[in-house]
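Asks: Spelled out from the first residue to the last, the chains are:
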Amino acid sequence: MSLTVLTYLVVGFTFALYIGIAIATRASSTKDFYVADGGVHPVANGMATAADWMSAASFISMAGLIALSYNGYGGSVFLMGWTGGYVLLALLIAPYLRKYGKYTVPDFIGERYYSDTARVVAVICLILCSVTYVIGQMKGVGVAFSRFLETDYETGLGIGMFIVFFYAVLGGMKGITYTQIAQYVVLITAYTIPAIFISLQLTGNPLPQLGLGSTLAGSDVYLLDKLDMILVDLGFQEYTTTLRGSTLNMMAFTASLMIGTAGLPHVIIRFFTVPSVAAARRSAGWALVFIAILYATAPAIAAMARLNIIDTMQQSDGQTLLIAEKPAWFENWEQTGLLQVEDLNGDGRIEYTADPKTNELTKLDNDILVLANPEIAQLPNWVIALVAAGGLAAALSTAAGLLLAISSAISHDLLKSTYMPSISEKAELRASRIAMAAAVLGAGYLGLNPPGFAAGTVALAFGLAASSLFPALLMGIFARRVNREGAVAGMLAGISVTLLYVFQHKGIMFIPGTSFLGNMPPNWFFRIEPNAFGVVGAIVNFVVALAVSRISAPPPSEVEELLEFLHEPSSAASQAPPRAAH
Amino acid sequence: MVEDKNVERRQRFAARVRSLMLRLLVVWFVVSFGFGILLVEPLNEIRLGGYKLGFWFAQQGSIFIFIALIFAFSSVMTRLERDYVDGEKESGK
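Protein chains in written order, with the numbering used here: chain Y, 205 to 786; chain H, 30 to 122.
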């Protein structure tokens, strides 16, 4: 059976599974639609959160980012940032918002800051960061389709939009939760199987996390030492020690990803689906367990695949690879444009070095590392098909969670809570489905235009969440004195500073040529790169909010009562109804 | 009288939660920003098998410790809340 047919079968099977689950668990009430009736088991919710969280960027791009663009150690910012945020979420945010007991993040902000303006600003921030994020997923779907199923990018994007539309709109949170559990199983299997095989081949140890710290099979040289040595020989910097920018830049980058994680609404609303506050805390732990299975494997894939690629380029006689003897996978991926070779000195061999003047491996895309991994390790075709299905599962599950956050913000927070309080439950449910459809179309459009936009969106989404929603939530829970004026001014200041900084260096909407300050270290504020700027935006948000609150009237007494309620100990077993009398 | 006692118990509970959070967040900061970034160079002098220790914290260790922190928080909070509820029953008698 050819690889394409096999891939169609595997991907088709998983899609049928997702749609089947969506139909079986479709939402019938607004509570079903927004929070899956609040009855999801903490472990199940943890798994769904993991799938919701791990996007096309985590699955397809992260290992390559670590190994290639960030040269090993520098890539640690993603590993620590995207997991450490869960500690903040579990300790400071999720249990309190679960206790609050309403459906959405703007719900909380609107009530805590006793203001429709605050609610609307929160909705705008939520839509900005969720829409930018969903565009990245749509791009991932388009790319995965075009590579594995040999359609063009636009068709792939269209199919992806249709599938997401179908089950997210139909199933709401309930359908999405159970679909995400299935998607987690698919994506984690697809990610770990090639890693186990490669670790076995290279080190003899089946656990990639241990293999990465082991010696190479049949020698007493450690894998990481070997990698450091070869890279230095080729003119690169050491894999295990090279900083990304500066120490300050790495701190800022990690912190931005952490607080962005704890402020992303589509992740937070997952914790509204469990039955109690204690369950929300436990569920965050399970979510991180399921996430860590992928995140602790990624650095192993990164180092091992990079070593494999370099090995491919070196012949046993010490010569570099003859173009005539290129392995089959090399040619397959050259056709996709992710891999390019140019014989600069005309010796019929490919030389891979750090010097652009002599390097003949002219293009080595980050995504290659995960996507071509099974072929490089000579694994059977079904593993390759599985990787395609895994990448799609990662993109679709995240896209669905994001679309739900967007649609509930529009139908619940804008219509029901702000502009049309008399709307019936049925009409609200219809409105949220229409909002979701509009969001799918909008994201699909932005996935195509402007062309460079999709690539920059994931990092931007984190910066926006970090600088707007996280500080508003944290102060809303812990800072009694912060009032309506402070929160609104803080959110607007934080998100504006971050957007301005990113666009001034990378171009407005990432359109090349519209950046008015060049994107290079000397032009950066304290040499902090634009992707790492969310934490600065957050600091601006905190400072502005605290300062403005100090010079305006303190919050009314209802806020005092709300905070009293949030911090009151809840007995582990009780399912305290929202705003119960106490 | 009972009222005073309740306020006092509430405050004691809040103080315990605060100190628990603070201690866990210190660990969170130390293993990631501390061991993984600020102290990475001296730690890299120490080896853990093939791993340099600082590199290990940045790419593996910090993630495992994060998980332990969340479960520790979850179980201690459950205990604190149970103690609180038990105390409530006693003082209600």
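Be aware that one or more of the hints could be misleading.
Lysine to any residue pairs mimicking SDA-like chemistry, simulated, CA-CA at most 20 Å apart [as the list claims (entries may be wrong)]:
(1) Y:Lys303 - H:Phe62
(2) Y:Lys303 - H:Phe42
(3) Y:Lys567 - Y:Gln539
Hints were generated in silico from the structure; no laboratory data involved.
Asks: All hints are to be evaluated individually against the structure, with a verdict given for each.
Replies: Evaluated hints:
For the hint pairing lysine 303 (chain Y) with phenylalanine 62 (chain H), the CA-to-CA distance comes to about 30 Å; that exceeds 20 Å, so the pair is violated. In summary, the hint linking lysine 303 (chain Y) to phenylalanine 42 (chain H) is supported, as the alpha carbons are separated by about 17 Å, within the 20 Å threshold. Between lysine 567 (chain Y) and glutamine 539 (chain Y) the CA atoms are separated by roughly 12 Å; this keeps the pair inside 20 Å, and the hint holds.
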